[in-house]
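Each residue of the sequence shown is one higher than the one before, counting from 1 in the working numbering.
These aren't lab readings, by the way, just hints derived from the structure by calculation.
Each hint should be verified, as a subset may be incorrect.
[As the list claims (entries may be wrong)] In silico EDC-like pairs for lysine to aspartate or glutamate, Cα to Cα no more than 16 Å straight-line:
hint, residue 1, residue 2
1, K119, E156
2, K162, D121
3, K119, D93
[Unchecked claim] Here are the computed distance ranges between Cβ atoms for each label pair:
hint, residue 1, residue 2, range
4, G99, K119, 14 to 22 Å
5, G33, D62, 14 to 22 Å
6, K119, T81, 31 to 39 Å
7, H96, P133, 20 to 28 Å
8, D121, D170, 23 to 31 Å
9, A155, Q58, 29 to 37 Å
10, D29, T153, 17 to 25 Å
11, G92, D121, 16 to 24 Å
12, E154, P116, 17 to 25 Å
13, T95, P133, 15 to 23 Å
Glycine included, every Cβ here is placed at the ideal spot set by N, Cα and C.
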Amino acid sequence: MTGRVGYYLSYRLGLAFWDTFDTDRALADLIEGPNALRPGRALDLGCGTGRNSVYLAQHGWDVTGIDLVETTIAQARQRATTAGVQAHFIQGDITHLEGLGDFTLLIDFGCFHSVPLPKRDAYAAAVTRAAAPGATLWMWGLGIKPRFGLGVTEAELRTRFKAWCLETTDQVPGQELRAITRNMPLVQRPARALMTRRWFPHAYRFRLTRRP
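Starting from the given sequences, assemble the full structure and let the hints guide the process.
Have a look at this one:
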């Protein structure tokens, strides 16, 4: 189940397990570590219920989250209110980011890897237009394996994101996957077990920098 229909159904059926993840270690290092980015304007692509948007806002970022599903945007706004932070959330298509720009940080947690292949160039173009020169794009996604459909590879990012420099790629270790998924509800635990199987697509983190 991939693409727009699968995304809608995941939320409708309560299967959007990624919204229960803890903050990824590498993202936390990017935001809070010794070489942390200076807070500025951030765009959370495919923000879901605002988990990462709220995290960024808590650390001084001026955050905009965008997602296709209207109900998730309402939940994201409530999440920010509950956390006592300011964040802007809009319903929209990540391949059309008109009116959005000058972001110094763009994050994509599990969004690009499920974008249909014919729409990926449009996604890359939209993200590039929305990014300020020198901006950071941080991406978390599953790799490609037969039987599992869509995914993302380093080679594809180099090809599609020509205005960007791919700085780092690293595979998310199994112990980290288990750590960030530890708070998944009982009903979603089968997904947690699935993600840590050796035959399941590996999760990767990518960091890109927008060329001047």
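Okay, the hints, checked on the actual structure:
Between K119 and E156 the alpha-carbon distance is near 13 Å, which keeps this suggested pair within the 16 Å criterion. A C-alpha spacing of about 10 Å is found between K162 and D121, which places the hinted pair at or below 16 Å, so the restraint holds. Proposed proximity of K119 and D93 is supported: the alpha carbons are some 11 Å apart, at most 16 Å. At about 19 Å, the beta-carbon gap between G99 and K119 stays in the expected band of 14 to 22 Å.
Roughly 20 Å separates the CB atoms of G33 and D62, a value that falls within the hinted 14 to 22 Å. For K119 paired with T81, a C-beta distance near 32 Å keeps the hint of 31 to 39 Å intact. Separation of H96 from P133 is about 22 Å and conforms to the stated range, judged on CB atoms against 20 to 28 Å. In this structure the supplied range 23 to 31 Å holds for D121 paired with D170, their Cβ-Cβ distance being about 25 Å.
In this structure, A155 and Q58 meet the distance hint of 29 to 37 Å, their C-beta atoms being roughly 35 Å apart. The supplied range of 17 to 25 Å is met by D29 and T153, whose beta-carbon atoms lie about 23 Å from each other. Between G92 and D121 the Cβ separation comes to about 18 Å, which falls inside the hinted range of 16 to 24 Å. For E154 and P116, the hinted distance range of 17 to 25 Å is satisfied, since their beta carbons lie about 20 Å from each other.
Distance hint check: the CB atoms of T95 and P133 are about 22 Å apart, consistent with the given range 15 to 23 Å.
Checked against the numbered hints given earlier, this structure breaks none of them.
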